[in-house]
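Trainee: Residue strings, one per chain:
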Amino acid sequence: QQQVRQSPQSLTVWEGETAILNCSYEDSTFDYFPWYHQFPGESPALLIAIRPVSNKKEDGRFTIFFNKREKKFSLHIADSQPGDSATYFCAASASNAGAKLTFGGGTRLTVRP
Amino acid sequence: EAAVTQSPRSKVAVTGGKVTLSCHQTNNHDYMYWYRQDTGHGLRLIHYSYVADSTEKGDIPDGYKASRPSQENFSLILELASLSQTAVYFCASSAGGKNTLYFGAGTRLSVL
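Protein chains in written order, with the working numbering: chain E, 304 to 416; chain C, 134 to 245.
Just to be clear, a hint being listed does not mean it is correct.
[Said to hold, decoys possible] In silico EDC-like pairs for lysine to aspartate or glutamate, Cα to Cα no more than 16 angstroms straight-line:
| hint | chain 1 | residue 1 | chain 2 | residue 2 |
| --- | --- | --- | --- | --- |
| 1 | C | Lys231 | E | Asp334 |
| 2 | E | Lys360 | E | Asp334 |
| 3 | E | Lys403 | C | Asp163 |
| 4 | E | Lys375 | E | Asp330 |
| 5 | E | Lys375 | E | Asp334 |
| 6 | E | Lys403 | C | Asp192 |
| 7 | E | Lys403 | C | Glu189 |
| 8 | C | Lys151 | C | Asp195 |
| 9 | E | Lys375 | E | Glu329 |
[Said to hold, decoys possible] Okay, the calculated beta carbon distance ranges per label pair:
| hint | chain 1 | residue 1 | chain 2 | residue 2 | range |
| --- | --- | --- | --- | --- | --- |
| 10 | E | Gln312 | C | Ala238 | 19 to 29 angstroms |
| 11 | C | Ala185 | E | Ser398 | 21 to 31 angstroms |
| 12 | E | Pro343 | C | Gly229 | 26 to 36 angstroms |
[What the hints assert, rightly or not] Take a look, some chain C residues computed to stay more than 10 angstroms from chain E by CB distance:
| hint | residue |
| --- | --- |
| 13 | Lys144 |
| 14 | Val147 |
| 15 | Thr148 |
| 16 | Gly149 |
| 17 | His157 |
| 18 | Thr159 |
| 19 | Asn161 |
| 20 | Asp186 |
| 21 | Leu213 |
| 22 | Ala220 |
| 23 | Ser243 |
Rather than coming from a laboratory, the hints here were simulated on the basis of the structure.
Treat the numbers as computed from the prediction; the structure is a model and nothing was measured.
No residue lacks a Cβ here, since even glycine has one placed at the ideal position from N, Cα and C.
Work the whole structure out from these sequences, hints included.
Mentor: Structural data, given as structure tokens:
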């Protein structure tokens, strides 16, 4: 049972375009939604996170859009650069679930120059 | 800088053998986690702990045991390794359930 679903599995965009990565979840008690990125041969690292007190979180070129009603959230990477090429994981956790952070299956992003 | 150290970095084990993966953190974090990474499945939580001498089951605990003898150390034990346990294993620590996870470099385990 996959509680956090991610799409697409892979995505290729040209340099300068906006990459859009999508996630959906089932558990309505989830209240924390981070995105991690992982470069080849490296460990995952936190990129940006949102708590649903708002429906948008920005950090430079990275923006999370959150839709509580539809149980969806997405990561938009504006002005994509070749250095953004990595695997991106969305995740979710709930206040009543202790420390459990559930990850999606990942999106492999390739940015072509 | 957060520091999570895993050992070994890679290991080849035989089916049915015992494997112990170790993790040490110097972040003074209460929470520690073991995740498994397989292509197409992302990161799946095996076991986690929020206090020494206590562990909790994650989403895929079957075939794994965990041990947290101190705040700094968290081990993952495969008593009877199986082919299906071939994967990359990541240890992580965090200050709390809603805080950033800091991952170790990973252990690549191959069970033959």
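Trainee: Would the least Cβ to Cβ distance between asparagine 161/C and chain E come out above 10 angstroms?
Mentor: With a cut-off of 10 angstroms, asparagine 161/C remains clear of chain E, as the shortest Cβ separation is near 16 angstroms.
Trainee: Take the C-alpha atoms of lysine 403/E and glutamate 189/C, compute the straight-line distance between them, and say whether it is at most 16 angstroms.
Mentor: Answer holds: lysine 403/E to glutamate 189/C is near 10 angstroms, not above 16 angstroms.
Trainee: Is the nearest Cβ of chain E still more than 10 angstroms from the Cβ of aspartate 186/C?
Mentor: holds, 16 angstroms
Trainee: Starting from the hint 26 to 36 angstroms, judge whether the C-beta atoms of proline 343/E and glycine 229/C obey it.
Mentor: holds, 30 angstroms
Trainee: Determine whether the non-interface label on valine 147/C survives the test: each CB of chain E must be over 10 angstroms from its CB.
Mentor: holds, 26 angstroms
Trainee: May I ask you to check that threonine 159/C keeps its beta-carbon over 10 angstroms from the closest beta-carbon of chain E?
Mentor: holds, 16 angstroms
Trainee: Mind checking the alpha carbons of lysine 151/C and aspartate 195/C for me, to see if they're no more than 16 angstroms apart?
Mentor: holds, 15 angstroms
Trainee: Hey, is threonine 148/C genuinely clear of chain E, shortest beta carbon separation above 10 angstroms?
Mentor: It holds; threonine 148/C is separated from chain E by about 27 angstroms at its closest Cβ, greater than 10 angstroms.
Trainee: Does the alpha-carbon distance linking lysine 231/C and aspartate 334/E stay inside the 16 angstroms limit?
Mentor: holds, 9 angstroms
Trainee: Please check whether the beta-carbon of histidine 157/C is more than 10 angstroms away from every beta-carbon in chain E.
Mentor: holds, 15 angstroms
Trainee: Once the closest CB in chain E is found, is it more than 10 angstroms from lysine 144/C?
Mentor: Fine: 17 angstroms to the nearest Cβ keeps lysine 144/C off the interface.
Trainee: Hey, does alanine 220/C actually stay past 10 angstroms from chain E on C-beta?
Mentor: holds, 14 angstroms
Every hint, counting from the list given before, is met by this structure.
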